[in-house]
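Visitor: With the hints as constraints, model all of the structure from the sequences given.
Single-letter residue listing:
Protein chains: 4
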Amino acid sequence: MKVSIIGATGYAGAELLRLLLRHPEVRVAHITSESHAGQSISYVYPHFERIMNQPLESLDNIEAIGEDSDFLFIGLPAGYAMTIGLELEKLPVRIIDLGADYRFHDTAVYEKWYKIEHAHKDAKCVYGLAELYRDAIKDAKIIGNAGCYTTASILALAPLVKYGLIDTDSIVIDAKSGVSGAGRSAKLPNHFPELYDNFKAYGVANHRHTPEIEQALSDISGKPITLQFTPHLVPMSRGILSTCYAKLKDGETAERVDGAFQAMYKDEFFIRLRGRNAYPETKYVRGSNYCDLGWHIDERTNRVIVLSAIDNLVKGAAGQAIQNFNIACGFDEKLGIDMIPMYP
Amino acid sequence: MKVSIIGATGYAGAELLRLLLRHPEVRVAHITSESHAGQSISYVYPHFERIMNQPLESLDNIEAIGEDSDFLFIGLPAGYAMTIGLELEKLPVRIIDLGADYRFHDTAVYEKWYKIEHAHKDAKCVYGLAELYRDAIKDAKIIGNAGCYTTASILALAPLVKYGLIDTDSIVIDAKSGVSGAGRSAKLPNHFPELYDNFKAYGVANHRHTPEIEQALSDISGKPITLQFTPHLVPMSRGILSTCYAKLKDGETAERVDGAFQAMYKDEFFIRLRGRNAYPETKYVRGSNYCDLGWHIDERTNRVIVLSAIDNLVKGAAGQAIQNFNIACGFDEKLGIDMIPMYP
Amino acid sequence: MKVSIIGATGYAGAELLRLLLRHPEVRVAHITSESHAGQSISYVYPHFERIMNQPLESLDNIEAIGEDSDFLFIGLPAGYAMTIGLELEKLPVRIIDLGADYRFHDTAVYEKWYKIEHAHKDAKCVYGLAELYRDAIKDAKIIGNAGCYTTASILALAPLVKYGLIDTDSIVIDAKSGVSGAGRSAKLPNHFPELYDNFKAYGVANHRHTPEIEQALSDISGKPITLQFTPHLVPMSRGILSTCYAKLKDGETAERVDGAFQAMYKDEFFIRLRGRNAYPETKYVRGSNYCDLGWHIDERTNRVIVLSAIDNLVKGAAGQAIQNFNIACGFDEKLGIDMIPMYP
Amino acid sequence: MKVSIIGATGYAGAELLRLLLRHPEVRVAHITSESHAGQSISYVYPHFERIMNQPLESLDNIEAIGEDSDFLFIGLPAGYAMTIGLELEKLPVRIIDLGADYRFHDTAVYEKWYKIEHAHKDAKCVYGLAELYRDAIKDAKIIGNAGCYTTASILALAPLVKYGLIDTDSIVIDAKSGVSGAGRSAKLPNHFPELYDNFKAYGVANHRHTPEIEQALSDISGKPITLQFTPHLVPMSRGILSTCYAKLKDGETAERVDGAFQAMYKDEFFIRLRGRNAYPETKYVRGSNYCDLGWHIDERTNRVIVLSAIDNLVKGAAGQAIQNFNIACGFDEKLGIDMIPMYP
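Residue numbers (the working numbering), protein chains in the order written: chain A, 1 to 344; chain B, 1 to 344; chain C, 1 to 344; chain D, 1 to 344.
Treat the hints as calculated values from the structure; they're not laboratory data.
Mixed in with the good hints there might be a few duds.
[To be verified] Here are the simulated DSSO-like cross-link-like pairs (lysine-lysine), alpha carbons at most 27 Å apart as the crow flies:
hint, chain 1, residue 1, chain 2, residue 2
1, B, K249, A, K223
2, B, K334, D, K2
3, D, K2, A, K187
Guide: Structure below.
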């Protein structure tokens, strides 16, 4: 398949390139970057030296790129992908957007949280979280790849919601991410000495991943769910740990919780059930497409606590996009993304 | 005042020594260490080179040390301080224990969570969290210095509990600490390459600081509180951020929350109210005795989220111990501990 | 090929396992660990969960393991590999030792620097630095895989020595390594809070990699070279940067230096000549088998400064071992180890 | 004394403020910042919350500030301080410049390395490295505070040069710094994910601290010295370790080296001679004004290797500036800067 990466010089775009270059069924046709158009990707990212020296193109060529590609992977700031999607609607090229433009069933939710008018409201798009929306992904023209925090959080809570084990009004998600999740733009808050040996929360009560988690869990539940989501910044490069809390419904037991995770995920290649009382760590999944899950029951408080670890740039972005691509192409779902985590 | 540090080679003990050596009303008489008895403190900790070269003594001399000191600061593993407290009961020396032995009103709670029989059940001890127990600390013979996670968490929630603004059954505390909180013993989980670029939870549903937080908040509330507490390890040296969640009671408002924090803390030197919608960061308090507080109201979920940042070795251990010492001596409470945070 | 890893639970052994499990011509037959015999590798290293759950065997079975393997990769402390090599001398199994036992032409040098009597002095072994000893490696029975600091340093200086451009008496190598190079044993100096936000030198004038670098450069030069080597510990997990200094001989020029690097390495897949005035960084090679080289000429001092970056666990250990294995098997040299560096 | 900080929002300026606010003989009169004029310092640096809320002024007021101050500490980019120095020449105010404008005896050297025409060539300025230029500092009108790398490197080599023990042509200084040394401007190379878990060199053969080190060592030697200096960036916040190499002259011995360090520094409060074969670490001096020195003799190569550790923002900038200020005021040299290092 001929694929192109639109926005190849963000961290997610560069990770996509790294993985796609080793995918056995892929040829990377075009890579673009507005800020670095004309330069070689290996000039922008010297780790590609001698591996990929192709020049970066500009979005000006988007139509020609669309015609010359079977798939476009888009890694651009909110608002750009929907314009591209609209412009290329008539072409056969399929789109996997790593941003948020195509993630929401209801574009009004997008408009409310992103403060951008949606330009492509009638797009035929599906939500790209493979474990939950696999069938819809198969034939999708446009896939709105799930976000990083959302992937970790939705996968952690989905079994509990699906089997009706928790009081959904009590859900609190306390998530922590490495700094690559904040992108590659140099800004004071992400300047090295500011973050090193430091820890902080941000986006309390207003982070944009909140409605995305709510949408997926509401889909599963069948009724609207409102929940608490708080992100934090960890002084490390990669990785997300999501600590998810919920009250168990009366009469629910640890065994029923165990059963829900098994029933939902036992055949999922990329979800590793580390089991009850286990402690996933972000380093155990670094560089891989795995999501590791452990869960705990607190009998004193009657809460279940689920711990979920992913690599934000792989299962939370580039790896998941390729997983969706594999499904959309009818390939083995793990083709090119069954990397073993890199430790230590 | 002549003071001695029993257990001076743990991180908290060494930090105590650092601060006490610059305290204008203190002379450090004795320092002890079982593992390093006979060695100079500057051999064990070269940052003390030329500043403090005094040899470390053994606990074998505890009675003589007790007789030669006005105050003992104890930084030993659980179970040791109570033996010393009992042994020196008849001496005039006063004790500030940085461990847990003297933190609980009810020694049965201690015995349940620490799995150690309490040897000094009838001790006259007070809980050493200055902002909440100041009066009792003044004349205390034995002070059970508050723990690190507990200090950050109690100070965050106390105003909300005191003024009855929250549903106490809904409290979730998600806390994150630098690795110095785990002590100086070299163990595989804290080996550098295992933790670096890594993040994890531990002690879910069973961490020993849980009953300590519950005790203080129950004291304020007047009725027993059970809550959720989860600690995490951040790949950094120092600092704790505690993210505290609770449902607001019906009819409570952001202004009432603001008012509770102001009413309770506006005259507290070591509590810096950063205000509503503020984001305390651990680096803003590093090396200081401050506790920075910021809070947020989520109108969608009707929750209040309080963020609390301290330096675990200062306000969470050594600084707090000296604050208690100052109160117990009738000194200005901030004497010797008004360090400005070290940034970056 | 059936391969076994003797000492699979050190960092180098675990990295070997990670790479060998994805090598298309390899089946991992046995893995051993004295400290964890009987346990599953995924219990010791949870990043292998669901990927490799094979139990670890003990060295007690070494003869049976040797009979059941085409190749043994050995990752044990100094002194163990030579006993195994001796014991299995009659078997057809070939050995790649990641330790130092088989690295020296003259076992007296080994005995002097390692303070261990050599048990296998007449072994037919070759030095396993592929770019320099490729022909000898092809048919070797025993390969003494080059060390981490040594690989980075030798590759940096070899062209200058080979073409006689520098005064070899003036060589100073100032090298810096991530902490994984110090192994997985938990010891106080490598305890997280001791190293974090810290930097130090160690092994000045006596590090064991010194004679290894001298041996290889002397081989190239044809006459004995004595040089200065100083290692440092960087608060990071992986990566080595070696900064190498030497005085240019009178009349030598920048162009002659450029030419030497080109002549020696232009066809080497794993050596990326970043060029004159370039700055290799350890992150540009992380997780890959590349060695990146940049060089600078200081006209004021008439020195050449070469910067050399590798991943200490890949090109400095496991990746290099597989490169040697590929050569010894007649496979394409980059089979299974052409990973793209993981950034950021 | 009334002092003002010109350029208070760089890292060195903020550290100066932190230290000056606790100096018993100082009142901070004015603080300036061009980028943040009108804002409170605690808005720009929340660690000053409730400690210092004074608004930042603009340089437009420099004359009034100069009139209202006994001392100005200047922390501005190269080229600004000399304009201020010239403008305020007639006022009694004395100046301590943390930048490079007043560091060079010969402004031609400055112009060559900084590519800026010097505006104040006839200034009566002295080089502000207290241990070496103490007498001149006492009455200086303008003090050019020594740089960070230079302080660590000059103090390491001065005794060897003074007592003629080394071949000065063989000097190689390989220095490593935490990232705060690069300032607070957010730029891609210092963006957190780019530097974290990464190590690199920069400024090879052309770093501006080179001529400054050469000037000081030439002053001591009495004849011009040209040397090699290479800086590196360590993924940490604070600290410099300088590894300095030189060939011993024939006949020189370890004892003579020991003697040189003792003779030169035994009465220096801020220089801690850790001794022969010692390993200073940056964390042992963090937050303090100490310079720790250890040295090693390599009998195989006949080189002496000196290791020198400082906190780049204290002894390498703000602490040294106050040390100079104390000397210039006739105060005890350690007044307000005898902080004990903060560990871990």
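Visitor: Check the structure against each numbered hint from earlier and tell me which ones fail, lowest number first.
Guide: 3
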